[in-house]
Amino acid sequence: MSLETPDAPAPAKTTAIVCRGVTKDFGVGDALVRALRGVDLDVYSGELTLLVGPSGCGKTTLLSVVCGILDATAGDIEVLDYDLHQLTGRQLVDFRRKNVGFVFQQFNLLPALNAAENVCVPLLLQGVPRRKAIERANEMLERVGLADRAKAPPSNLSGGQQQRVAIARALIHEPRLLVCDEPTSALDARTGHTIMELLREVACGSDRAVVVVTHDPRVYEFGDRIASMEDGRVVGVAEGTEAKRMAADQSALMRTGKN
Amino acid sequence: MNWVAWKMLTGNRGKYIAIIVGVTFGAFLITQQSSVFWGLMVLTTSQIKDIEGADIWVMDKNMQYVDDIKPMADNELWRVRGVEGVDWAVRLYKGITRARLEDGRFQQIIMIGLDDATMVGAPREIVVGNIDDLRRPDAIIMDEAGYRQLWPNEPFKAGKMFEMNDRRAVIVGVCKSRKTFMTFPIIYTRYSQAISFIPMERKVLSFVLANPAPGLSAEEVCKRIEAQTDLQAQTREQFEWKTIWYYMKRTGIPFNFGTVVLLGFIVGAAICGQTFYMFTLENLRQFGALKAMGARNGQLIMMILLQAFVVGSIGYALGVGLAAVIFGNLVKATDKLAFAMTWQVLAGAAVSIFVMVVFSSLFSIWRVIRLEPAVVFKG
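Chains V and W, in that order, are what the protein sequence lines are. Counted from 1, the first sequence has number 256 at position 257 by numbering that gives the first Met the number 0; the numbering is strictly sequential. Counted from 1, the second sequence has number 215 at position 216 by numbering that gives the first Met the number 0; the numbering is strictly sequential.
Keep in mind that the hints were calculated from the coordinates and are not lab data. Note that the structure is predicted; figures quoted are calculated from it, not measured. Backbone N, C-alpha and C define an ideal beta-carbon position, used for all residues, glycine too. Treat the hints with care, since some could be wrong.
Claimed, not checked - Only part of the chain V face toward chain W is listed, based on derived beta-carbon distances under 8 angstroms: (1) 14; (2) 26; (3) 69; (4) 93; (5) 95; (6) 107; (7) 111; (8) 112; (9) 116; (10) 120; (11) 123; (12) 127; (13) 128; (14) 180.
Using the sequences provided together with the hints, build the complete structure.
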């Protein structure tokens with residue numbers, strides 16, 4: 000696997016995220032931990048990019064940095080044509096609100112709100128009137144196949160249904176970047192597969208980049224591009240046929256129980 | 000997002016009720032104790048209020064409150080009458096004397112001696128008898144509460160007798176009057192009669208009651224009286240406040256009530272604050288998710304403050320309502336309870352509760368502001 004692959008992205012593709020030499024440190028002095036050690040990565044709109052690697056390799060930190068939740072210690076990060084280094088704290092919050100959708104491992108739905116109300120939260124944050132936001136939320140729930148569960152509270156939904164609600168919430172404000180942190184790890188294999196299918200179906204559009212952090216090899220088949228991380232660096236990016244081969248290899252390994 | 004804050008608050012019914020209970024307890028205690036305190040303060044002025052008809056009270060310059068009688072010479076009345084701007088002035092006796100009842104019991108009694116000619120300051124509501132009956136020899140009019148105290152379970156009637164200073168006093172009427180701080184029976188009689196009910200003293204004049212001439216304010220005439228007579232002159236309102244301030248400054252009443260009010264505030268704030276903080280901690284991931292999704296700190300602070308305002312308002316209404324219902328009914332049932340729930344008490348309690356809930360929510364606000372949205376990516 001190499002950074003330069005034969006199946007290079009077509010020139011028409013738009014780069015959504017450009018990371019060059021990105022580092023991220025936590026703590027200072029003897030307690031300093033370098034979570035990212037010079038990450039170079041391109042993510043394209045219209046693609047589903049998987050960030051894979053072992054636990055502690057920096058996947059989630061990188062995800063947090065590219066969506067503007069954490070500041071990088073050094074390096075250049077351009078996301079959706081915004082130079083994140085140039086944005087103030089308040090501008091970063093605005094940037095996330097307008098441009099980023101989030102899908103979390105633990106769903107993070109508000110237990111006091113029903114499904115439709117949860118879905119409409121990003122619109123409420125943008126100041127959309129509640130009635131209109133609920134209408135849009137019902138439409139989104141229909142897209143993720145939960146139209147009949149709109150009034151159900153999260154506690155009455157299965158894990159898969161909650162993640163569908165979370166996906167609907169992440170997409171309702173039509174963000175140009177969707178970040179998903181281990182979206183299948185709290186789900187069984189079958190439900191996880193369904194969720195990834197849903198993500199591909201409803202989330203991937205020509206103007207939207209989807210970044211999924213996972214260490215679940217079973218979802219590799221859904222990635223257009225697979226960025227492997229180790230020890231705070233991107234050590235390789237597979238795309239196209241190479242990505243498919245990687246996914247197939249992982250499937251084979253899993254079938255033989257060697258992974 | 001206010002709607003989301005409301006749903007978050009009411010969604011956790013147990014904690015929602017617990018917070019309201021905390022605020023209700025605080026509001027109840029603060030309102031009840033403040034009302035009793037103010038009721039007592041009002042009691043100290045009840046005799047000033049009951050002696051109506053004169054806007055100006057003139058007294059010895061060293062007098063500090065209504066019961067701090069420093070008798071003046073009778074000729075002070077003429078000096079006051081001589082001040083330009085005084086429309087009229089009359090004398091008033093007020094003092095505590097000892098009565099010996101027919102059965103041999105002794106009882107301290109507050110005696111008011113009214114100007115013989117004008118009866119200025121006479122009780123307005125006579126239940127039994129007539130004010131003119133006071134012109135009869137040895138006549139007194141007693142207040143209802145005093146009558147009940149001396150002759151419990153007996154109907155009000157004229158003709159009861161007792162002795163003061165070895166002189167016979169005959170009850171010719173019963174009147175209504177406000178409860179007093181001292182809770183002694185109150186009797187009204189003529190000034191000339193009053194001084195016969197007390198041991199002989201050189202000076203007996205307690206107050207001169209006066210009114211300003213038309214077109215002059217009571218304050219202005221008070222200044223003139225003080226300038227020309229070396230006496231102290233107060234308007235009715237000034238005298239009431241002077242009396243209240245005396246009790247506030249010179250007695251332990253405010254401190255003792257203040258400690259209970261403070262206790263109510265602290266306990267209410269503790270219950271409210273702790274539950275509110277636990278509520279926030281439980282929702283920390285959700286707040287983190289909101290921050291990640293682009294909620295500003297200001298929006299989250301407003302959400303928390305709105306939640307605090309809601310529980311504060313409901314708790315305040317319940318606390319004040321409970322105090323009003325319980326103690327309002329108790330006041331009707333007994334004349335021993337001093338309870339004055341004035342708008343100032345309600346406003347003070349509202350401010351206290353507002354401070355309490357804002358204080359309680361500060362920890363939550365601090366926690367949410369410091370919350371890193373990256374927390375939502377931790378599994």
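Hints, verified against the model:
1. 14: With a minimum Cβ separation of about 23 angstroms from chain W (threshold 8 angstroms), the hint on residue 14(V) is violated.
2. 26: 14 angstroms, violated
3. 69: 6 angstroms, holds
4. 93: 7 angstroms, holds
5. 95: 4 angstroms, holds
6. 107: Interface hint status for residue 107(V): holds (4 angstroms vs cutoff 8 angstroms).
7. 111: At about 2 angstroms, which falls below the 8 angstroms cut-off, the nearest Cβ of chain W leaves the hint on residue 111(V) intact, so it holds.
8. 112: 6 angstroms, holds
9. 116: Holds: closest Cβ of chain W sits about 7 angstroms from residue 116(V), inside 8 angstroms.
10. 120: Cβ of residue 120(V) sits 7 angstroms from chain W, so the hint holds.
11. 123: Cβ of residue 123(V) sits 6 angstroms from chain W, so the hint holds.
12. 127: 11 angstroms, violated
13. 128: Violated - the Cβ of residue 128(V) stays beyond 8 angstroms from chain W, reaching only about 10 angstroms at its closest.
14. 180: 5 angstroms, holds
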